[in-house]
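There are 4 protein chains.
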Amino acid sequence: MAYFRIEYYSKALRRETSFEVMIPCDPREGMPAPEGPMRTLFLLHGYTGKAGNYVPFDLPYKYNFAIVMPSAENSFYLNGLSTGHAFQTLVGEELVEFVRKTFGLAGDPTNTGIAGLSMGGFGALHTGLAYPRTFGKIGAMSSAFIHHEVAQMKPGQGNEVANYDYYRECFGEPALLEESDNNPETLIRKLKAAGEKIPEIYMACGTEDFLIENNRAMHRFLEAEGVPHEYHEGPGIHDMVFWTEYIQKIVRWMFG
Amino acid sequence: MAYFRIEYYSKALRRETSFEVMIPCDPREGMPAPEGPMRTLFLLHGYTGKAGNYVPFDLPYKYNFAIVMPSAENSFYLNGLSTGHAFQTLVGEELVEFVRKTFGLAGDPTNTGIAGLSMGGFGALHTGLAYPRTFGKIGAMSSAFIHHEVAQMKPGQGNEVANYDYYRECFGEPALLEESDNNPETLIRKLKAAGEKIPEIYMACGTEDFLIENNRAMHRFLEAEGVPHEYHEGPGIHDMVFWTEYIQKIVRWMFG
Amino acid sequence: MAYFRIEYYSKALRRETSFEVMIPCDPREGMPAPEGPMRTLFLLHGYTGKAGNYVPFDLPYKYNFAIVMPSAENSFYLNGLSTGHAFQTLVGEELVEFVRKTFGLAGDPTNTGIAGLSMGGFGALHTGLAYPRTFGKIGAMSSAFIHHEVAQMKPGQGNEVANYDYYRECFGEPALLEESDNNPETLIRKLKAAGEKIPEIYMACGTEDFLIENNRAMHRFLEAEGVPHEYHEGPGIHDMVFWTEYIQKIVRWMFG
Amino acid sequence: MAYFRIEYYSKALRRETSFEVMIPCDPREGMPAPEGPMRTLFLLHGYTGKAGNYVPFDLPYKYNFAIVMPSAENSFYLNGLSTGHAFQTLVGEELVEFVRKTFGLAGDPTNTGIAGLSMGGFGALHTGLAYPRTFGKIGAMSSAFIHHEVAQMKPGQGNEVANYDYYRECFGEPALLEESDNNPETLIRKLKAAGEKIPEIYMACGTEDFLIENNRAMHRFLEAEGVPHEYHEGPGIHDMVFWTEYIQKIVRWMFG
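Residue numbers (the working numbering), protein chains in the order written: chain A, -19 to 236; chain B, -19 to 236; chain C, -19 to 236; chain D, -19 to 236.
There may be inaccurate statements among the hints.
Identical copies carry no separate label here, and so any pair may be met within one copy or between two of them.
As the list claims (entries may be wrong) - Straight-line alpha carbon distances no greater than 35 Å define the calculated DSBU-like cross-link-like pairs of lysine-lysine that follow:
#, residue 1, residue 2
1, K170, K134
2, K42, K134
3, K134, K81
4, K229, K134
5, K81, K(-9)
6, K81, K172
7, K(-9), K177
What the hints contain is simulated information worked out from the structure, not anything from laboratory work.
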């Protein structure tokens, strides 16, 4: 197993930044070399997190795939209003191109998944839908589907997590959010209208998670739109116990 | 010489972040242990940069001080509008407290300097003036004193570097900037009015630097306000050749 | 929680090297500042490992102590024959001095423990006994107490793990090992003869571990010598499941 | 420019280790994508050093090549006597295979160079000659060609740098060294006898360097053997001033 910490200049962010990659490429285990380019999982951290703060070390060996871990600050993996706040572009374009070119990772959606937890669950669904020809499979755990709350916010308002300016910076003008491409539901509708293939989706949330109703709402939306998807609830709260269990299930579903 | 890469949860940024520190604390050189706590230089990178992208490795041994290198993204070292965009607090309070407590570095302004280049030159002057009881000496190289330009910006405008939203996020409402504490000149006026001690200041800029007029304007302002300061121009542009020369001069002035 | 990756020049190794430190020193949890200097656990990796390859992230917050993680290659934490192969000195002197001076960690044996697994279990016991005034408590898990096997080796021999030259380099001349200070039993006898206080000892090994008999032999030796110690066997093999369970028990015993 | 810090399990060393890589692969400069796989320079540090302690940051952009920086401790880049002390194999086989497979770097000797300073100059020449089908070009600066001194050492002897056990561990039995493959001159003779192509060689040493006579002796040996090579002396001692000048010349000679 090789673990890479990478510093580079990001065009999307207009500054030097870093990300991390894990590849089962070293000779430790005497694994047979994989046939063809290696499959890739983009793994997205939650609010307050960064690359590498949860790494399922055992899985890449088991299923023979690479993990790419961006650091996306508290951006919700969206292109914010400010120059250099382009985290959707960072993950969905720049890093995809970087790791495919630099590490020769698989270049087709069948072998490219994206998953995350909490804010990263939102990011996985949104980024996957924004680039359906890049990501074939989406795993969204305990996802912070907060876009409808944000859409209701008025200037000067906010909540206990962050102020109005933060939400506006990340999601764009709240009043425009429902119809905006930052709303994953808008992306679903557009993909359907365009006849585009929608990536396969696996959602999971703990029944005691404070975000459970947001996840149920997204599940109902997908059902109403006729979008096939796996939806799972299980005992659990918004913590690593749940994510440790479900990242295993998601990876098996993606690459098993 | 010991070099530290540090990851921690920042209250100011509301997320995990990192910074770097260099301390001449190892036994390589057979240096005598310094008397008392070690002097500290906070060294600020420019726009597009990050911690560690210019490190004057020879100086800490020569003058026996530690270097603390924050990563402040493209924030201009200001507290922006959004929650978690508190880079002034990060550098001027949180990191100061962190390194003093964790590394036992000197706790008085006489032994605490702040310096930077370009955006980091703005940051050094602004942060130093915002915390005059923390930083006794300020070194500002090729500083991006762009606050008067920003104050003129109207919604929808921006420039070739960044858009209006970026400047508004960093500096606050442009229309309010002249009087705001994000304008270092405002801080000077307030410190004078309050009878507070203003940190010692060393400014330098290359005569061919595109920011030379901004630096001359700040120099004239300080003269007009009767604020003692060193001001130096020399041949040079906005590049590492100039900064490599002047960081030596600034450190000698600070700690020599 | 702050995590430090540190590069420095090691006098003991005569070259630049690195180690890692975890300190519960950031403001995330709103913990009360500890009274006095922070307690410290030196945590030693096993054969094939390095600093940071097993980190009990939850424990420092729970019991308020720092973890220092050396990288000691495959040295058995001994001073080998070659210049620069001084890993006992690295851990027991150089790093102790470094972290106490640089991070202000506790300077007394009551608040300084050393623990490890496999080769690191050997290292914890040996280093603790070599510096009984530095380390007050020793935790040795699944320890590679292989010194009696090594003492039997003849030139040209070795085993499936490594060749004779490797063992000779690490342990010194095998023929002299039984009486040498690289044998932890020799250290016990010398400490007793000198009337020195022996650190408190906690040993644990899985009943299905291939090293169980080596651990039982050390347990019998300590009993025969009248050295008080905790000795625990439990279900388990030579793996992270066992160590994850017992590092919790050892830290509670040390600092609980 | 992207900078990679890589941790992995090394079969050659039988333990986890790290190395560093710099690739001009990011979109900062708007460089045209290179045609075909990227050229590679293996850059070897000196005694007391490690990966990354001297990095010619400007050169990869200028000539479009990757730099691979091993950490080889104080090994002289040789396969020592002990299991796991296989630094020749690490650099000349394991890392070559790793970076070619993982980063898709150039796989032919024409596009693969090896260079180093001091101990790394010895390593560059020796490793290049040990793998002449891998490395097409060798750059050796201020090289520690000390093999004739080592060959004279008797048990118990050593010098001010290290003891006899250290030299024996690195170079093998001194009494056998002259004829051994650890002597680069032996490799030259064998390559000639086998009719193998000898890599192109560029040697440089400062006239005031304490190793100047060792470098002149190697130069005379190559002349006597009729091995074409560039040999340069210039004003300078054993320091970064000389190496900063000559790494530029060597890279231009290799890839210009």
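Comparing the hints with the structure gives:
1. For the homomeric pair K170 and K134, the shortest alpha-carbon distances inside one copy (27 Å) and between copies (34 Å) are both at most 35 Å.
2. In this assembly of identical chains, the alpha carbons of K42 and K134 never lie at most 35 Å apart, being 48 Å within a copy and 41 Å across copies at closest.
3. Taking the closest pair of Cα atoms, K134 and K81 never come within 35 Å of each other, the shortest separation being 43 Å inside a single copy and 41 Å across copies.
4. Within a single copy, K229 and K134 get their C-alpha atoms no closer than 39 Å, and across copies no closer than 51 Å, so neither meets the 35 Å cut-off.
5. Taking the shortest alpha-carbon separations for K81 and K(-9), both the intra-copy value of 16 Å and the inter-copy value of 27 Å come in at or below 35 Å.
6. In this assembly of identical chains, K81 and K172 lie within 35 Å of each other by CA distance solely inside one copy; the values are 31 Å within and 40 Å between copies.
7. When the C-alpha separation of K(-9) and K177 is checked against a cutoff of 35 Å, the pair qualifies only within one copy, where the shortest distance is 29 Å, while the shortest distance between copies is 42 Å.
Consistency with the previously given hints fails for numbers 2, 3 and 4, ordered from lowest to highest.
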